[in-house]
Amino acid sequence: MAASKKIMLAALVALVLGAGGFFLYINAAFPQDRCEGAKHLDRPEEFADCVTCHTKASPKVTQDWQESKHGVMLVKCVVCHGEPDGKGSVPFERAPDPIRICAQCHDPAIKRMVAKYGSNLDCNSCHPNHQNPMHGDAYENKIPTTKISLPE
Amino acid sequence: MTLSRRDFIKGSAAALALSAIGGPCFAAAKEEADKWVKGVCRYCGTGCGVLVGVNKDGRAVSIKGDPNNHNQGLLCLKGAMLIPVIYSTDRITEPMIRKDGKKSELTKVSWDVALDFAAKRFKDAVAEYGPDSIAYYGSGQALTEESYLANKIWKAGFRTNNVDGNPRLCMASAVGGYMTTFGKDEPMGTYNDIDNATCFFIIGSNTSEAHPVLFRRIARRKQSSPDVKIIVVDPRRTNTSRIADLHVFFKPGTDLALLNGMAHIIFKEELDDDRFIKRYLQFQDNEGNARSLEEYKEFVAQYTPEKVHEITGIDPDMVVKVARMFAESPATLSLWCMGINQRSRGVWANNLIHNLHLITGQIGRPGASPLSLTGQPNACGGVRDTGSLAHLLPAGRVVANEKHRNEIEDYWGVPRGTIQPKMGHHTVALFENMASGNVKAVFIHCTNPAHTLPHLNKYTKGLETAFVAQTECFHDAETLKYADVVFPAAFWCETEGVYGCTERRYSLIEQAVAPAGQSRPAVEILMEFAKRAGVDPKLMPYKNSADIWEEWRKLSQGTPYNFYGMTRERLKKESGIKWPCPSEDHPGTDLRYVRGEDPLVPVNHETKMFFYGRPDGKPIVYLRPYQPPFEPADDEYPFVLTTGRVIDHWHTATMTGQVPELRKAYPSAFVEINPDDAKKLNINNGDPVVLETRRDKMTFPARVTATCMPGLVFCPFFDKKLLVNRLFHDAVDAASKEPEYKICATKVYKQG
Ligand code: SF4
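From first to last, the protein sequence lines stand for chains A and B. Taking our numbering, the leading residue of the first sequence gets 502, the next gets one more, and so forth. Taking our numbering, the leading residue of the second sequence gets 392, the next gets one more, and so forth.
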């Protein structure tokens, strides 16, 4: 009984370690919050030229940005996301902090929204930063294009 | 504050991640601001209001747009990344001198030693060679108080009119244009016109990259009223054209023909405003002879669409289309910048734009105006208005006019005859005279001529020869190589003073943080230096820059530049006010020269508009023929080279180069070349390409894009490792003396 208990325990430890290891491995290999550019770019002096790489690495996001108001106004990736090695003046973040980043330009709008809807700040959920095109529907209606169709 | 468990985990994970990243992460950005101090962005002529967030320790930690200034809270990427510039490791924080001539090293010394060292050289030069052997070379980035003070010190203290500055390289032609057409400098419209215009005529301006927040305002206008038309006339199809209805390419330097051709169509199709013309206008040719409307019509009739096509390459139909759009729109706003100003016929080009607005009556109504964009944050308020150029005196006066001199002498409390009647050296002549040894010592304030002068190889000789005292904030400035004394100046929000932007708006930059190291506000440096150099201290009875403002404000009273109502207290409370503003309860002026809007037009004036800048009240429409640029492309040098900005860098990148994100967006200059040309020359993206002009040759990495039209190549000028100005000639506009940075002939080939 004692022996089988030991085996069970060992198996459990192995399982936990294995699962943990796998989890860590997956996390490291497929990061959500890091740009691989920092590891692979051989030209660190060009770290802020995100678009060149991301046109291939994430074409949809890049095109969305390009056609968004931020793209037309040349508010480039690094302005909000920082540079991939995290050593720049803007912290490297996948989802920039509204208070620190968005407020630099949109403080008046943020204040208006907070007054209306309370302080649950997540600008991006209603105003997709990359999908607010100059042209098309949003251009005329001034509402975000990302719409969720509700089941009837 | 309560943290949910999720927030806590997120927070600690972020902290862990941050600590793991390490490196010189600017911790500033993470801290909370304790108070917000009002100011203006340090960079471009848009003049966006900012709020600098300062923490409990007195350190600037964040920045945001000022919601009450014209930018309504918005900033472009440069403005949003201003804070790291203050704390750059490249800051000069101690005075330095070169003890044993230009070849020796700059060594750190005390303030006293540095000031005495410089003062002695200026004093000696004046004693031995007279006052015209010294000069001041200022900047459209210096604070208004600094420029006003330096102007006074040199013109009334040292008694030389050798006071010029970098606005000569950027705004002089616009000044010449407004002065010759309307009699007084500065635009009649404001940024509010953008919200009311129904047609934008953008010529010679890459607004999107040079004035991003204004561009955004134009885009918003277009977005809210899609019927609004935007015409962009530029040999480069820049990002500005992304929102344009029409982009018009033309052979660089031929736009004068287009502008005259538009005038011809306007008359031919009866799109002119006959009532306005008859009531307000007069006509003049190049020799200053009065001409009639009929003669003017005949003159522009030479510029048929076919002739314009021959000269400019623009399709004849397009000429007609543009002219119609311009004239038929209810309110047309012209915007232009260096593409028009930095030209050997810059003043003429400015006049021709004004002509179009005058003959169509597109002026003096909301949205209808010729609005020249300034490159620098304080060229208008600081240099043009205070008259800190070789031929000017404060508030629209000129040195050549005895009455003007006497008015200023009386106000400054110096004997009549103190100010010299002879004009000083304009910029290019100044550096020529430094090279030839006529000017022995120069005080360079807040600018970087060793990077920005045209035909650099020729003019850096002046800096090698003359004694150079310089105020500077960053080691990165190219001119430091030639400086004999360097005074560390307090940077931007480390001191206080006024900036005046494109739209006649004066805003106060308040001091947010203490000056770095031993650096001092430039007004202190100038006064200390001048006293030691023998200038009468009675000329400078100021405790601080607010006192200087007070003097300047009172001097403006009763002039066409009247901003008497802008007291320091008021500027502290409000986010910028537009002059004329004659009294403290006056809100500022949007439409200059318009009855009921402009306080300088009597309320019961007989006509709606009153162009009081001219003695007869009548602006002049000029008969200016087309003239080619100084150095057009030819068989030997078949390409045209032009220069300009990129959005990420500002001027010589001494400031923007300090911000990792901006530096890495464009680490170095490049040459932009059209794919057709690239194919013919077998050039691929990134290839080293040689540009060879009659002055010099240099190699740039190629950027093959359709931005430039065929036959044109473009290089940005920010990179000090690739000083493109070495390739340029030094031809200047005959009237404004502004160099033609926009056009020179070049060979282009792949480096073999
Ligand atoms: S548009 Fe000009 S003034 Fe405004 S934030 Fe950008 S650089 Fe500064």
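Because the hints were derived from the structure by calculation, they are not lab data. Don't take each hint at face value.
[Claimed, not checked] Simulated crosslink set (BS3-like; lysine-lysine; CA at most 27 Å straight-line):
no.: 1; chain 1: B; residue 1: LYS964; chain 2: A; residue 2: LYS588
no.: 2; chain 1: A; residue 1: LYS588; chain 2: B; residue 2: LYS613
no.: 3; chain 1: B; residue 1: LYS613; chain 2: A; residue 2: LYS561
no.: 4; chain 1: B; residue 1: LYS1070; chain 2: B; residue 2: LYS1088
no.: 5; chain 1: A; residue 1: LYS612; chain 2: B; residue 2: LYS1111
no.: 6; chain 1: A; residue 1: LYS557; chain 2: B; residue 2: LYS1070
no.: 7; chain 1: A; residue 1: LYS617; chain 2: B; residue 2: LYS426
no.: 8; chain 1: B; residue 1: LYS1070; chain 2: A; residue 2: LYS612
no.: 9; chain 1: A; residue 1: LYS612; chain 2: B; residue 2: LYS1088
no.: 10; chain 1: B; residue 1: LYS964; chain 2: A; residue 2: LYS612
no.: 11; chain 1: A; residue 1: LYS612; chain 2: B; residue 2: LYS963
[What the hints assert, rightly or not] Calculated Cβ distances over 12 Å to all of chain B for the following chain A residues:
no.: 12; residue: ALA503
no.: 13; residue: LYS506
no.: 14; residue: ILE508
no.: 15; residue: ALA520
no.: 16; residue: SER559
no.: 17; residue: ASP565
no.: 18; residue: ILE602
no.: 19; residue: CYS627
We put the CB at the ideal spot given by N, CA and C, even for glycine.
Against the earlier hints, flag every one the structure doesn't satisfy and list their numbers going up.
Per hint list: 1, 2, 5, 8, 9 and 18 violated.
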